Amino acid sequence: MIDFDVALAAPLALRARVRAQSGWLGLLGHSGVGKSTLLRALAGLNPAARRLRVDDRAVTPAALARRVSLVSQTPALIDHWTVARHLRRVARHHQAADLAGELIGNLGIDGLRHLYPPQLSGGQRRRVALALALLRRPRLLLLDEPFSALDDDSRHRLYPKLQALTRRLGCDVVLVAHQIEDIARLCDQVAILEPDGVSYCGALLPGLRRYQGQASSCSVLLGEALSGQAETGLLPVAFGGRTLWVRTPRLPPAGTPVRLLLHADDVALSVAELEGVSLMNQLPARITGVTVQASGVLVECLCERQSIQARVTGLSQARLGLREGGRVVLLFKASAVSLLTEF
Amino acid sequence: MPWLASGDAQALLLTVKLAATTTVILVALCLPLAWLLVRRDPRGRGLIQSLVMLPLVLPPTVLGYYLLVAFSPAHPPGSWLARLFDQQLAFSFSGILIGSLIYSLPFAFRPLEAALQQRGPALDEAGRVLGFPAWYRFLFIVIPGIWPALVSAALLCFAHTLGEFGVVLMIGGNIPGETRVLSVALFEHVEQMNYQAANRLALTMMAMAVVTVLLSGHRHDRF
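From first to last, the protein sequence lines are chains P and S.
Residue 1 is where the first sequence starts when you use the numbering used here, and the numbers rise one by one after that.
Residue 1 is where the second sequence starts when you use the numbering used here, and the numbers rise one by one after that.
Rather than coming from a laboratory, the hints here were simulated on the basis of the structure.
These numbers were taken from a predicted model, which means no experiment stands behind them.
Cβ coordinates follow ideal geometry from the N, Cα and C atoms, glycine included.
One or more hints might be untrue.
[Stated by the list, open to error] Here are some of the chain P residues that sit facing chain S, going by a computed Cβ distance under 7 Å:
| # | residue |
| --- | --- |
| 1 | Val59 |
| 2 | Ala63 |
| 3 | Leu70 |
| 4 | Thr74 |
| 5 | Ala91 |
| 6 | Arg136 |
| 7 | Leu140 |
| 8 | Val277 |
| 9 | Met280 |
In isolation and in its complexed conformation, chain P is listed as follows (with noise of 0.2 Å):
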């Protein structure tokens, strides 16, 4: 159970009241808003909260900082340090000497031990950060933006991994991503922090849908891996009664619960269905909302029961005529569809 109640005046006026299941929590909130200030409230570095309860108990700064453990966007490590120290003496401090050699390993840090954290790149700096912050056995693990430095290959490889450690160290985890794709993938719930407090927290899809209708402009689609072939790297996934194809270097196995990722500038709208074309997927749809955005016009649409956004410019949506009600025919790329799902 993740349940936490913050009230704080300073650095920024914040009342964020969150309760969720165990796992990993997701929290969405535009830039400003105060997840970070949040995160560091919730790891005891606020000492002036007004309001500190967890599992509807009054805590204090010094005591959630036993129990929570916070990986920042810049972590905060020890310069006169190496990182052999700072490992052997925060498994001393916890006694988990048992948990730092498997820690060491996933995280991929083993040829960083004798190095200073000055002498680290950002991306290595997180990865310390983050096998320290496990190896506290952290009750709640609080994560602001910790693979933002990591490249794409780096990340895919950690996401299961941490996954793993986590549940099985039984930790709970708030994530704050400024990709959504890395929300999409990891959480299995979200939470919603604007100026006057959380406006939702619950499940991941109806969160994504309700934070990308205020802002962005993506889609998490939800389907079933098909049996794809190797040689092509086309995956087709079932999706309703229709198939989606799927460029993945990665195939799932045949029936594996998927969660598909589409920006809405990668999806092209058309009247009709097109022959001749090298885009795989045509999906037709029904437009159930157009908002003009000052980046273009933002078309909403519902294809077997689940939405789908597309970004067009203006002087398209008055071409095709585009309004609420109208069909049109989504086009995209199977490279435009990113597989969230890790297997």
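Assemble chain S onto chain P, guided by the hints.
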């Protein structure tokens, strides 16, 4: 004939003993005090900072005069102090030690407070994020983290105490083995027009000052 006369060698030893004791006590005292000011930022912080800086601008003889008055066994606080130390403080080693502690206070306090202010909070937070308790963070993370500043504060404090004259002369006089430090011995030689001994003492003190400055100029950053 040795480089220093036996009386002067005794003065040298006494001076080093005074400077070393002063340095150890001041560093041990100023570290927690400065850390408290940086961490808690109490309301009276400005006042405390000014008071600590006072010996820097006060003429040493004025400081020495007031200490002499305070040490008088005829009335408090001198009578209490005399009972506490089981001896009269004026014209004793304990007396000039108290004088040096006050006189050199800003030289230990200022660099320590500046370093703690600059690096302390970040180091402390890093330690907190790793789950270490407050005493551990202060002793094993913050203090080693400001090591260069600590070394230069100690050296400054030591060097400054070596050359102390006015305060010692006012409250300590010139008692061999008890209060006769190098600067007082030098003054005495000059008064007696014993220029060879004065020259040797002055050179010795000069060499000590140069070594101290060279040591404190050396960077201690170890990465």
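Going through the hints against the structure:
1. Val59: violated, 15 Å
2. Ala63: violated, 12 Å
3. Leu70: Holds: closest Cβ of chain S sits about 6 Å from Leu70 of chain P, inside 7 Å.
4. Thr74: violated, 11 Å
5. Ala91: Status violated, d = 11 Å.
6. Arg136: Holds. Min distance 5 Å.
7. Leu140: Constraint on Leu140 of chain P not satisfied, violated at 13 Å.
8. Val277: violated, 53 Å
9. Met280: Violated. Min distance 47 Å.
When held up to the earlier numbered hints, the structure conflicts with 1, 2, 4, 5, 7, 8 and 9 and fits the remainder.
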